[in-house]
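Engineer: Given the sequences, and given the hints that come with them, work out the whole structure.
Spelled out, the chains give:
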Amino acid sequence: MSLPALDKYIQAFLQTLLMVGTSAVIALSVGLALAIVLTITASGSLYPHPRFNRGLSIVVNVFRAVPFIILLVALLPVTRFIVGTTLGTWAAVVPLSISLIPFYARIAQVSLREVDPGLIEAARAMGCRRHHIVRHVLIPEALPGLVGGMTVSLIAMINASAMAGAVGAGGLGDLAIRYGYERYETRVMFEVIVILIALVTLIQFAGEGLARRFDHRG
Amino acid sequence: MFASDRGDEPSSTPHIVFERLHKRYDGPQGPIHAVHDVSFAIARGEVFGIIGRSGAGKSTLLRTINALEVPDAGTVTVDDVPVAGLDEAALVRLRRRIGMIFQHFNLLSSKTVNANVALPLRVAGLARPAIDRRVGELLDLVGLSDKASAYPSQLSGGQKQRVGIARALVHQPEILLCDEATSALDPETTQSILALLRDINRRLGLTVVLITHDMAVIREICDRVLVLDQGRRSEMGEVWRIFGDPAAEATRALLRPLLHDLPADLARDLVDDLGGRPGEAILQLRYGGDSSADGVALADLAALHPQARLLHGGLDRIRGHSQGRLLVAIPASALDPVQDRTARVADHIEVLGYVVTGAR
Ligand SMILES: Nc1ncnc2c1ncn2[C@@H]1O[C@H](COP(=O)(O)OP(=O)(O)OP(=O)(O)O)[C@@H](O)[C@H]1O
Ligand SMILES: [Mg+2]
Chain A
1 MSLPALDKYI QAFLQTLLMV GTSAVIALSV GLALAIVLTI TASGSLYPHP RFNRGLSIVV
61 NVFRAVPFII LLVALLPVTR FIVGTTLGTW AAVVPLSISL IPFYARIAQV SLREVDPGLI
121 EAARAMGCRR HHIVRHVLIP EALPGLVGGM TVSLIAMINA SAMAGAVGAG GLGDLAIRYG
181 YERYETRVMF EVIVILIALV TLIQFAGEGL ARRFDHRG
Chain B
1 MFASDRGDEP SSTPHIVFER LHKRYDGPQG PIHAVHDVSF AIARGEVFGI IGRSGAGKST
61 LLRTINALEV PDAGTVTVDD VPVAGLDEAA LVRLRRRIGM IFQHFNLLSS KTVNANVALP
121 LRVAGLARPA IDRRVGELLD LVGLSDKASA YPSQLSGGQK QRVGIARALV HQPEILLCDE
181 ATSALDPETT QSILALLRDI NRRLGLTVVL ITHDMAVIRE ICDRVLVLDQ GRRSEMGEVW
241 RIFGDPAAEA TRALLRPLLH DLPADLARDL VDDLGGRPGE AILQLRYGGD SSADGVALAD
301 LAALHPQARL LHGGLDRIRG HSQGRLLVAI PASALDPVQD RTARVADHIE VLGYVVTGAR
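Protein sequences, first through last, are from chains A and B.
Letter 134 of the first sequence, counting from 1, is numbered 134 in full-length UniProt numbering, and no numbers are missing.
Letter 333 of the second sequence, counting from 1, is numbered 333 in full-length UniProt numbering, and no numbers are missing.
It is possible that some hints are incorrect.
Keeping only pairs whose Cα atoms sit at most 16 Å apart, straight-line, the calculated EDC-like set for lysine to aspartate or glutamate is [claimed, not checked]: (1) Lys8(A) - Glu191(A); (2) Lys111(B) - Asp215(A); (3) Lys147(B) - Glu137(B); (4) Lys147(B) - Asp132(B); (5) Lys111(B) - Asp116(A); (6) Lys8(A) - Glu185(A).
Listed next, with one range per pair, are the computed distances between beta-carbon atoms [said to hold, decoys possible]: (7) His49(A) - Gln172(B): 48 to 56 Å; (8) Arg113(A) - His213(B): 25 to 33 Å; (9) Glu137(B) - Val78(A): 54 to 62 Å; (10) Arg317(B) - Arg212(A): 23 to 31 Å; (11) Gln172(B) - Thr201(A): 50 to 58 Å; (12) Arg217(A) - Asp199(B): 26 to 34 Å.
Footprint (simulated), chain B over chain A, 3 or more residues, beta carbon under 8 Å [said to hold, decoys possible]: (13) 113-123; (14) 132-144; (15) 207-218.
Don't read these hints as lab results, they were simulated from the structure.
Where a beta carbon is used, it is the ideal one built from N, C-alpha and C, also for glycine.
Structural biologist: Below, the structure is given as structure tokens:
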């Protein structure tokens, strides 16, 4: 029984980056779009469609309620349809994205809802059309919160990616489980945890820095 | 120019006309009639004030002008065009002709001063150089050229409101709506913002409609004023007439801080009847601004009685009309002959009561 070589760590790290990176791009953009739709279709908002809004809200809640590991299995047919296989790094992207979309959507929705209604009113009064308000008021004013939410979601995604080992996706979490848990190589587990801590800390710092840069509220 | 007594007809062509306007909200205890059957007209180029207690419906009424609020019944017309029934494109065009400033400024925190003022032009699709030129002009006008790249959070309240004014004027509107635009500012800053508004009104010929709780603001810059009370039109007219001789209880309540009411110590010593003891009568002389257009002659006051004393009071000159009230003490024994002569002295004279000699 040997310890994994350095390139095993590198490979696992890259798999995690690939999984989380791809899922992040998908989940954050779809989640943001969903949050915007949820915000502007609420009654009394820019494009009020209360019934549609309630329906969409229920769908989001359903996906949020299902634990990731169950989603992973339940989505196998969908994964096969989209990726062509149910195994490997790319196969993990589907359940990871889908589980994080509603997660980020809710966080982003809170930031969007907190935009001062007075600003929207001022924009209406100055002759902004509704899509102008979304683009020039709603999103820029919520941006610090939206970026903060992205940080939280990215870290949650790294956590969830550890479970993606179940579909043979590899990654750091998988490495830790296979060596640390199944083969009692606690050192490997420990080292992986250190790498994960470093990664999470880096994302947290970068995210906070970015949010600060966008925040001019004083 | 019109025959109407209290100047409740606009003195030139109407710019904004309200006809039988109603606005109802559903409150927890049944419907709230925020605006109830209100009709009036605002003339082109005037500074028009709206006052009333909190919840009287002032903001609701103002916001129907640019259709931020849609009335349940009645019509608002701007330049003879009914605001209701405009489609989104027409409404956007209308709003570009109506600037609005707010109590809490409502500037975008994510954009610089420059970008805040430029936004109305950007969304209107103007070209970059034209936008820059216009924004530059406006920042000059409000005296903030050096703050163009600052963010709103780096400005004082007065500076923020100047940005708000620049933003409101960027489309060269014909109407400026101000909802408590100076309520969050200190007295000195308020004065400078008022001076700016008056300057804009004169130089650009803008029609200004403003809401305020500060009666001094109305006295300072408004031509006419509308008093709302629980959603209804209580009274309306030229400011000097309304302030000089308020007809409605709601108006008197609002004006109380400006009135020279009986001071507390005098009120305490005041009796209805001297009961034969020696004493003084306290007279209240009121000037509505009509007869006293050129001020109050001191000789008239002196003629009341050789021992007459001026106790308290003041006169304000509003648009060339002196109005206010004075409290005067004269020996009670001289009261009857004096009352015949008072007609010329003031528009209205009233014996508030008597003070027994030596009571104080
Ligand atoms: N969106 C709303 N929903 C329900 N009720 C409302 C709404 N807006 C205003 N009202 C009610 O309508 C009435 C008039 O409100 P409005 O804001 O016009 O008063 P106001 O004269 O501007 O008061 P203030 O001086 O406090 O600003 C109030 O009783 C208020 O509670
Ligand atoms: Mg109000």
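Engineer: Now tell me, hint by hint, if it's right for this structure.
Structural biologist: Quick rundown of the hints versus the structure:
For the proposed pair Lys8(A) and Glu191(A), the alpha carbon gap of about 12 Å is at most 16 Å, so the pair holds. Note on Lys111(B) and Asp215(A): the hinted pairing holds, with a Cα-Cα distance of about 10 Å set against a maximum of 16 Å. For the suggested pair Lys147(B) and Glu137(B), the alpha carbons sit about 13 Å apart, so the restraint of at most 16 Å is met. With a C-alpha separation of about 14 Å, the suggested pairing of Lys147(B) with Asp132(B) holds against the 16 Å cut-off.
Proposed proximity of Lys111(B) and Asp116(A) is supported: the alpha carbons are some 15 Å apart, at most 16 Å. For the hint pairing Lys8(A) with Glu185(A), the CA-to-CA distance comes to about 14 Å; that is within 16 Å, so the pair holds. Hint check: His49(A) to Gln172(B), Cβ distance near 36 Å, so the stated range 48 to 56 Å is violated. The beta-carbon spacing between Arg113(A) and His213(B), approximately 30 Å, falls within the hinted interval of 25 to 33 Å.
Taking 54 to 62 Å as the suggested C-beta distance range, the pair Glu137(B) and Val78(A) conforms, at roughly 58 Å. At roughly 54 Å, the beta-carbon separation of Arg317(B) and Arg212(A) lies outside the given 23 to 31 Å, and the hint is violated. For the pair Gln172(B) and Thr201(A), the supplied restraint of 50 to 58 Å holds, since their beta-carbon distance comes to about 53 Å. Taking the beta carbon of each, Arg217(A) and Asp199(B) are about 32 Å apart, inside 26 to 34 Å as hinted.
A count of 6 residues in the segment 113-123 of chain A with a Cβ less than 8 Å from any Cβ of chain B is obtained; the coverage claim is therefore met, three being the minimum. With a threshold of 8 Å between beta carbons, the proposed coverage of the segment 132-144 of chain A by chain B holds, since 6 of its residues qualify and at least three are required. Here's how the segment 207-218 of chain A fares: 4 of its residues keep a CB closer than 8 Å to some CB of chain B, so the rule of at least three is met and the hint holds.
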